[in-house]
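A.B. asks: If you count the sequence shown from 1, position 285 lands on 326 in our numbering, and the numbers rise without skipping.
Heads up, some of the hints might be wrong.
As the list claims (entries may be wrong) - Computed list of lysine to any residue pairs in SDA-like fashion (alpha-carbon distance at most 25 angstroms, straight line):
1. LYS212 <-> VAL176
2. LYS354 <-> LEU397
3. LYS158 <-> SER306
4. LYS196 <-> SER214
5. LYS380 <-> ARG323
6. LYS291 <-> GLN364
7. LYS158 <-> TYR88
8. LYS212 <-> VAL193
9. LYS196 <-> PRO242
10. LYS80 <-> ARG96
11. LYS140 <-> PRO242
12. LYS249 <-> ASP217
13. LYS338 <-> THR350
14. LYS291 <-> GLY265
15. LYS338 <-> GLU312
16. LYS208 <-> GLU189
17. LYS196 <-> LYS249
18. LYS417 <-> GLN382
19. LYS291 <-> ALA418
20. LYS249 <-> SER214
21. LYS417 <-> LYS249
22. LYS140 <-> ASP240
23. LYS249 <-> ASP305
24. LYS139 <-> GLN91
25. LYS380 <-> HIS336
26. LYS140 <-> SER228
27. LYS208 <-> ASP221
28. LYS338 <-> SER214
29. LYS291 <-> ARG125
30. LYS403 <-> VAL293
31. LYS172 <-> ASP305
32. LYS338 <-> LYS403
33. LYS68 <-> SER54
34. LYS291 <-> LYS196
35. LYS139 <-> ILE170
36. LYS291 <-> LYS140
Calculated from the structure, these hints are not laboratory results.
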Amino acid sequence: MLSGIIAGFALGSLIVWVILIILSGRKAARFEERIHTLKNDITSLRYQQQEADARHTRYDHEIKKHRDLTIVFPDLVRQVFSARTPDELARLLSRAMKKLTGCERITVFLADVRGGKLGLVYSEGLGDILKQPLVVNVGDGHVGFVAETGIVFEKKNLEKESELTKKRLEKTSIPDFLPDIAAPMMSQGVLYGVICLVDIPSTAILPKERLISIAAVGAAALEGIRLLGRFESASDMDPDTGLPGRGRLKPVLTQELERVRRFDSALAIVELVIERGSIDDRFRAREFMSIGSNHLKTTMRNIDIGLRTGTDKITLLLPGTDQDGMENVMQRLLDDLPKLQNDAGDPLGTVRLRYLIVEADKEETLEDVLDNLEHKAFISSLG
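Using the sequences provided together with the hints, build the complete structure.
C.D. replies: What follows is the structure, given as structure tokens:
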């Protein structure tokens with residue numbers, strides 16, 4: 042009897058012990074699961090803290106950059122406004138954008154005074170794609186599209202354009218040239234040019250906004266340059282031909298020789314003599330010079346430059362014109378000019394010209410070029 046009670050008590054104790062072990066195991070498992078969850082939470086919090094620290098560091102870095110920009114930007118604006126020529130302005134605009142975005146491939150197109158065409162004035166890092174002379178019609182390609190619409194073009198948003206617009210851009214675009222961002226240079230509704238950025242670094246902060254700002258500054262600066270240029274030209278403008286006078290030859294030729302070196306493109310310099318421009322009857326002489334210059338102005342390209350450099354002499358600067366191109370120009374001049382007539386039916390008469398081709402691979406000074414031209418023989422056409 043007693044042994045049975047003891048055995049039953051022992052069995053019950055064993056069962057209770059087993060149950061307690063099972064319950065303890067389950068409780069331990071819950072604790073392990075809870076510990077694992079807490080570890081995961083701690084790890085997640087650590088990652089979140091690291092990300093927050095990284096964001097905070099980036100924000101500090103960006104704030105510093107923006108603070109630096111507030112210091113640098115006025116200096117950049119002053120530099121841009123210090124430009125005295127369109128070429129110098131384009132170079133300073135490119136330098137400003139390079140400093141603000143770190144972009145190494147930049148190009149600047151400037152509009153002609155009529156706003157119908159855009160000429161490549163400066164490019165950096167794109168010499169393998171863009172060659173001077175390069176002229177884009179407003180409305181053609183991505184550059185012309187920006188000029189025509191006045192909106193900022195972004196390559197990433199190209200897919201959002203209509204199929205018609207995309208086909209038009211592809212059909213008229215510059216081969217192998219697709220800017221990441223292109224912004225118009227406009228002031229009071231007047232188009233002054235387009236600035237393009239290619240391969241913008243991923244670290245660049247607000248490149249679109251900064252490009253828009255610099256484009257606006259460039260437009261205002263170019264407006265001032267053109268106004269100053271009009272005053273300077275008016276003070277040295279020949280009244281008979283409406284062309285700049287001899288005093289502008291050296292600065293303009295210096296600028297074109299720099300363009301030859303920069304864009305690896307030839308330059309033709311033509312010295313044209315209209316013999317009846319030096320006759321004793323000064324009224325008729327001025328009339329003949331006016332007739333000749335008017336014909337030249339209607340046939341010259343947008344990038345060509347004409348200057349009156351003597352009583353009976355007009356000098357033409359023809360960018361991008363090599364020997365073959367010059368032979369065509371010479372033939373047209375010698376054929377067409379002598380046939381021109383005044384109101385009385387008197388022809389322009391004999392025309393003489395000589396020319397010099399400045400090749401891109403030759404480093405020639407202004408004095409060398411003028412001296413070489415002086416030693417060239419004249420070619421005549423009997424009028």
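A.B. asks: Against each hint, give a clear statement of whether it holds in the structure.
C.D. replies: Do the hints match the structure? See the list:
Between the alpha carbons of LYS212 and VAL176 the distance comes to roughly 16 angstroms, so the proposed pair stays at or under 25 angstroms and holds. About 16 angstroms separates the Cα atoms of LYS354 and LEU397, which keeps this hinted pair within 25 angstroms; it holds. As the CA atoms of LYS158 and SER306 are separated by approximately 20 angstroms, the hinted pair is consistent with the 25 angstroms bound. Pair hint LYS196 plus SER214 holds up; C-alpha atoms about 13 angstroms apart against a cutoff of 25 angstroms.
Straight-line distance between C-alpha atoms of LYS380 and ARG323 comes to about 21 angstroms, which keeps the hinted pair within the 25 angstroms bound. Taking the CA atoms of LYS291 and GLN364, the gap is near 23 angstroms; set against the 25 angstroms cutoff, the hint holds. Note on LYS158 and TYR88: the hinted pairing is violated, with a Cα-Cα distance of about 55 angstroms set against a maximum of 25 angstroms. Under the criterion of a C-alpha separation no larger than 25 angstroms, the hint pairing LYS212 with VAL193 is consistent with the structure, at around 20 angstroms.
Restraint check: the Cα-Cα separation between LYS196 and PRO242 comes to about 14 angstroms, which is no more than 25 angstroms; the hinted pair holds. Straight-line distance between C-alpha atoms of LYS80 and ARG96 comes to about 24 angstroms, which keeps the hinted pair within the 25 angstroms bound. Of the pairs offered as hints, the one joining LYS140 and PRO242 holds, with about 12 angstroms between alpha carbons and a cut-off of 25 angstroms not exceeded. Between the alpha carbons of LYS249 and ASP217 the distance comes to roughly 22 angstroms, so the proposed pair stays at or under 25 angstroms and holds.
Between LYS338 and THR350, the direct Cα distance comes to roughly 16 angstroms. Compliance with the 25 angstroms bound is thereby established for this hinted pair. As the CA atoms of LYS291 and GLY265 are separated by approximately 22 angstroms, the hinted pair is consistent with the 25 angstroms bound. Our distance criterion of 25 angstroms between C-alpha atoms is met by LYS338 and GLU312, whose separation comes to about 15 angstroms. Distance hint between LYS208 and GLU189 is fulfilled; the C-alpha atoms sit about 16 angstroms from each other, no more than 25 angstroms.
Of the supplied pair hints, the one linking LYS196 and LYS249 holds, its CA atoms being roughly 12 angstroms apart against a limit of 25 angstroms. Proposed proximity of LYS417 and GLN382 is contradicted: the alpha carbons are some 29 angstroms apart, above 25 angstroms. Taking the CA atoms of LYS291 and ALA418, the gap is near 22 angstroms; set against the 25 angstroms cutoff, the hint holds. Taking the CA atoms of LYS249 and SER214, the gap is about 21 angstroms. The hint holds against a cut of 25 angstroms.
A C-alpha spacing of about 52 angstroms is found between LYS417 and LYS249, which places the hinted pair above 25 angstroms, so the restraint is violated. For the hint pairing LYS140 with ASP240, the CA-to-CA distance comes to about 15 angstroms; that is within 25 angstroms, so the pair holds. For the suggested pair LYS249 and ASP305, the alpha carbons sit about 31 angstroms apart, so the restraint of at most 25 angstroms is broken. For the given pair, LYS139 sits about 32 angstroms from GLN91 by alpha-carbon distance, which is inconsistent with the 25 angstroms threshold.
Between LYS380 and HIS336 the CA atoms are separated by roughly 11 angstroms; this keeps the pair inside 25 angstroms, and the hint holds. Of the pairs offered as hints, the one joining LYS140 and SER228 holds, with about 23 angstroms between alpha carbons and a cut-off of 25 angstroms not exceeded. Of the pairs offered as hints, the one joining LYS208 and ASP221 holds, with about 18 angstroms between alpha carbons and a cut-off of 25 angstroms not exceeded. Taken as a hint, the LYS338 and SER214 pair is broken in the structure, with Cα atoms around 29 angstroms apart against an allowance of 25 angstroms.
A distance of roughly 15 angstroms separates the Cα atoms of LYS291 and ARG125; the hinted pair therefore holds under the 25 angstroms criterion. For the hint pairing LYS403 with VAL293, the CA-to-CA distance comes to about 19 angstroms; that is within 25 angstroms, so the pair holds. Note on LYS172 and ASP305: the hinted pairing holds, with a Cα-Cα distance of about 8 angstroms set against a maximum of 25 angstroms. At roughly 30 angstroms between alpha-carbon atoms, LYS338 and LYS403 are farther apart than 25 angstroms, so this suggested pair is violated.
Taking the CA atoms of LYS68 and SER54, the gap is near 21 angstroms; set against the 25 angstroms cutoff, the hint holds. About 42 angstroms separates the Cα atoms of LYS291 and LYS196, which puts this hinted pair outside 25 angstroms; it is violated. The hinted pair formed by LYS139 and ILE170 meets the criterion: a straight-line CA distance of about 19 angstroms does not exceed 25 angstroms. For a cut-off of 25 angstroms, the pair hint linking LYS291 to LYS140 is broken: about 33 angstroms separates their Cα positions.
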